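Given only the sequences and the hints, what does the whole structure look like? Please build it.
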Amino acid sequence: MSHVVSVGYQVGIGRSQDHARQMAQKPIAIIGCVSLDQFSDEELIAQYFGTENAATRDQYVNELFRRNYAKVGRWCLRFTESRETAADLAQEIFTKVYQNLSSFQGQSKFSTWLFTIARNHCLNNVRSNARNAAELKGDVEEDFLDTVPDGALSPYAMAEKESTARMVRELLNEALDPTEKTVFTLHYAEDVSLATITHMLGLDNQSGAKAYIVSAKRKLARLAQQRKARGR
Amino acid sequence: MSDREIIKSALASTPDCLSPEQLEAVASSENKDHPHVRQCPRCQAELSLLQSFESSEALPGEGAAVAWITSDLDRRLDQIKNPSRSIEVRARSAAASSWFARLFGTERMGFAVVGAACAVIVVAGIVILRSSKEPDLRASLGNQSEVYRSGTVQVIGPVGDVQEKPKTLDWQPFPGAQSYKVEVMEVDQSVLWSTETKYTTVTIENGARASIVLNKPILWRVTAIGPTGKILAVSSTQRFLFREHAGSNDALPPQ
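Quick mapping for you: the protein sequence lines, in order, are chains R and P.
According to my numbering, the first sequence is numbered sequentially starting from 1.
According to my numbering, the second sequence is numbered sequentially starting from 1001.
Check before you lean on any hint, since a few could be wrong.
[Claimed, not checked] Okay, the calculated beta carbon distance ranges per label pair: (1) E1021/P with Q99/R: 19 to 27 Å; (2) P1227/P with Q99/R: 23 to 31 Å; (3) S128/R with D1074/P: 22 to 30 Å; (4) S1019/P with S128/R: 22 to 30 Å; (5) R218/R with T1228/P: 52 to 60 Å.
Calculated from the structure, these hints are not laboratory results.
Predicted, not measured: the structure shown is a model, and the values here were computed from it.
Glycine is no exception: its CB is placed at the ideal position from the N, C-alpha and C atoms.
Next up, the structure:
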């Protein structure tokens, strides 16, 4: 993007909108044409709040959004089955961002703030989908309980006996690889269906996220047995 | 306590878990070994999601869809910034198009129109009763070019025998349609899946797609809906059949 605007302000991100405005309104020595490409996302926000002219303000926020369309679109696409639904989700996210832009405090990068909004919005959308809830129920029943190896001590039963989530967390951390941890977190902590996780993480193996759950369970059972043998 | 609840509590966020800002700091630091992250599977997962969001790397097959979404979002920029205005505009156009509501808007006008309607009915009744002549038969009714009927939505596909499970349903735009209702049905016309879209293509949802199995006919139709919710046109009911295609995993019957 190479929009050129005829403003030249010192840019910066403060901890409040007022601060941002104050920072942005200090003229700098270089006055002339400034390409929006030169601004970081955070600087664009500071300029947005520091500019009175509505048309110029719009240019800053338009540029900010355009830079992040692909990022948010890609993220939404992984939560949905179609590009149309993904575009609708992305639109809602950007509307939320636009309406809450003044609450961006500059304590993180804009993209991290955007991630928080996109993550929560998409997860809420997935959870609020009734069909998804039904799928999830199915996943749990058939993927989780039926695949416990016969005669093996369930790590979950062991953890329940000791009544400690810390123990299970430790087991999960020790036994699982990074992808399995992500699959477990999304499925069990965030209630995301296995089908959505498969799509979201781009898992191209035949059974998708289900295979990761099954393999993770085996690892957990093995580790639990080892610990039991060691008398832990 | 069920297995699921135990796992859920183990993966729940704790006070020690890192905020997105802290995760960002870990992600951007050279030494990514944070003491809490090292032992917390949840924070590791969150970090991985953040990195995936930040990464501009597209998964296979994503590129074209992302490009489409990007240009679509650019077209929607005004709606993004003025979501209520776009709703208001829709509401205004719906109200403006309701001439019937305007006509019957006042009580006096309402009575006048009802009275006029009654008079017309009485006169028409008298004319019909007094007429002994049989109605003319109009030869031109057989000529299709003179038969007026509502338009139909023209379907692109899938239609007939298909060698791969279709992923999308496509049709031609219908003039004035604000949205389209799409129904996928069994041969007995029981609806397997339906959805509404403002585009002329729709991706078949996985659940419905799972119902498309070998040698089983599937029906579908599209209804064009106007800005006020009025049905403008309906496509004829389409039928397609997924036939076996060597080398296609989708051709395998469900387990």
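**Asked** Does the Cβ distance between S128/R and D1074/P fall inside 22 to 30 Å?
**Response** 27 Å, holds
**Asked** Between E1021/P and Q99/R, does the beta-carbon spacing fit 19 to 27 Å?
**Response** 21 Å, holds
**Message:** Quick check on a hinted range of 23 to 31 Å for P1227/P and Q99/R, using CB atoms only.
**Reply:** 26 Å, holds
**Message:** Quick check: does the Cβ-Cβ distance between R218/R and T1228/P fall within 52 to 60 Å?
**Reply:** 58 Å, holds
**Request:** Confirm or reject the claim that S1019/P and S128/R have a C-beta distance inside 22 to 30 Å.
**Result:** 25 Å, holds
Comparing the model with each numbered hint stated earlier shows that all of them hold.
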